[in-house]
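Novice: If you're matching them up, the sequences are chains A and B in order. Per the working numbering, the very first residue in the first sequence carries number 1; after that it's consecutive. Per the working numbering, the very first residue in the second sequence carries number 1001; after that it's consecutive.
Everything labelled a hint here was simulated from the structure, so no lab data went into it. Where hints are given, some of them may not hold.
Stated by the list, open to error - Pairs of lysine-lysine, DSS-like flavour, derived with a Cα cap of 27 Å:
#1 1042/B / 1173/B
#2 1004/B / 8/A
#3 1004/B / 1042/B
#4 1173/B / 23/A
#5 1173/B / 8/A
#6 17/A / 1042/B
#7 8/A / 1152/B
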Amino acid sequence: MRTEDLIKALDADARGKAMPMGKAWWLAVGVAAVIAAAVFFTTIGPRPDFMPAMHTMRFMSKFVFTLVLAVSAFALIRALSMPGASTRRAMAWMVAAPLLVVLAVVLELFAIPQADWGRRLIGSNMMICMTFIPLIGVGPLAIFLGMLRYGAPTRPVLAGAVAGLLAGGLAATFYAAHCFDDSPLFVATWYTIAIALLALLGAIGGRLFVRW
Amino acid sequence: MTGKDEAELSGLLRAAIAGDERAYADFLHRIAALVRGFVRRKVVQGGVDPEDVVQETLLAIHVKRHTWRSDAPVLPWVFAIARFKLIDAFRRRGRRIEVEIDEIAETFAEPETETVSERDINRALEGLPPTQRSVVSSISVDGHSIGETAAKLGVSETAVRVSLHRGLAAIAKRFGRQ
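Isolated chain A, as found in the complex (with noise of 0.2 Å):
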């Protein structure tokens, strides 16, 4: 077949019509947080002192946490799915999280007693948190994988293992107002190993699946 022969065939073709992508991912990202709180509400669920935990500086923070990490991921996942989108940027602002997660930790490292770190640390949850946040995180990660295949990610590695921070950083956000421990100490090891779960289950994923 000849390239213009080809060209009449993609002409005739024109009418139709998908979803632009940018708005495709937000129709995503609204599918996969319902589906995340679906299995939040049935299995594990919000803890009893979920009003007055609000009051506490502890609690709060590990919602800042990781809602920066879902905007930051959802920012740079959009980008990595159209071609020629600039990253840079996008790129940049997936060190927010991170750094935030760092400046908790020293500060609560002032704050506690050093014979208290381990205890911060270790939590009474972890089990708990490394089972649910994966749990959580894998029906939006199935979609956003399904959204990199809609779309078209020259990194698809990449692609898929941010899908996996941005499904983390949902589940992470439902699973934070279950969770007890709330010391930054805990939170930037479990929560971390959790969400790097999904990601490396996204970038394999971005492997096998999202070829286009």
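Based on these hints, arrange chain B on the given structure of chain A.
Specialist: What follows is chain B alone, placed relative to chain A:
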């Protein structure tokens, strides 16, 4: 590649997405020429047929045109796709060459046979279900319109459009999997 090109081409693609078929044909012809130049400059040794990469890029541009933001410049988008498809072609060639070494050993002693340089797209076309294949080749190779194809095959124009759309999507997908 100038600012004028950029403005004209993004204008054409915007018009095409709004439903202007002539603008789309114009856009595709000009993009094909630009991408052909780009690919030929990059492919200096044999092994990769530049025209295969041009065709694959055009198909990807077509099935992924919803990934272009209509307020963004169009050429960076086009060349990012072309670069991706070119790298893909090199990767595939690496794989194919390993296969061919064994084949050469077997066919060495045989009398010379005519080798036709097969287009990758033909292989993908042959893999389509019969209806999609006849619709796609009627419109492309034979140059018939949607209406003529519908009359020739005895189906509705809508059915032709659906088969064409699915056929092109399947060909684009097959390119990516090879």
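Novice: Give a verdict on every hint.
Specialist: Now the hints, each set against the structure:
This hinted pair checks out: residue 1042/B and residue 1173/B have alpha carbons roughly 24 Å apart, not beyond 27 Å. Among the hinted pairs, residue 1004/B with residue 8/A is consistent with the structure: their alpha-carbon atoms are about 26 Å apart, no more than 27 Å. About 24 Å separates the Cα atoms of residue 1004/B and residue 1042/B, which keeps this hinted pair within 27 Å; it holds. The hinted pair formed by residue 1173/B and residue 23/A meets the criterion: a straight-line CA distance of about 23 Å does not exceed 27 Å.
Between residue 1173/B and residue 8/A the CA atoms are separated by roughly 19 Å; this keeps the pair inside 27 Å, and the hint holds. Between the alpha carbons of residue 17/A and residue 1042/B the distance comes to roughly 33 Å, so the proposed pair goes past 27 Å and is violated. Straight-line distance between C-alpha atoms of residue 8/A and residue 1152/B comes to about 18 Å, which keeps the hinted pair within the 27 Å bound.
Going down the numbered hints, you'll see the structure goes against just number 6.
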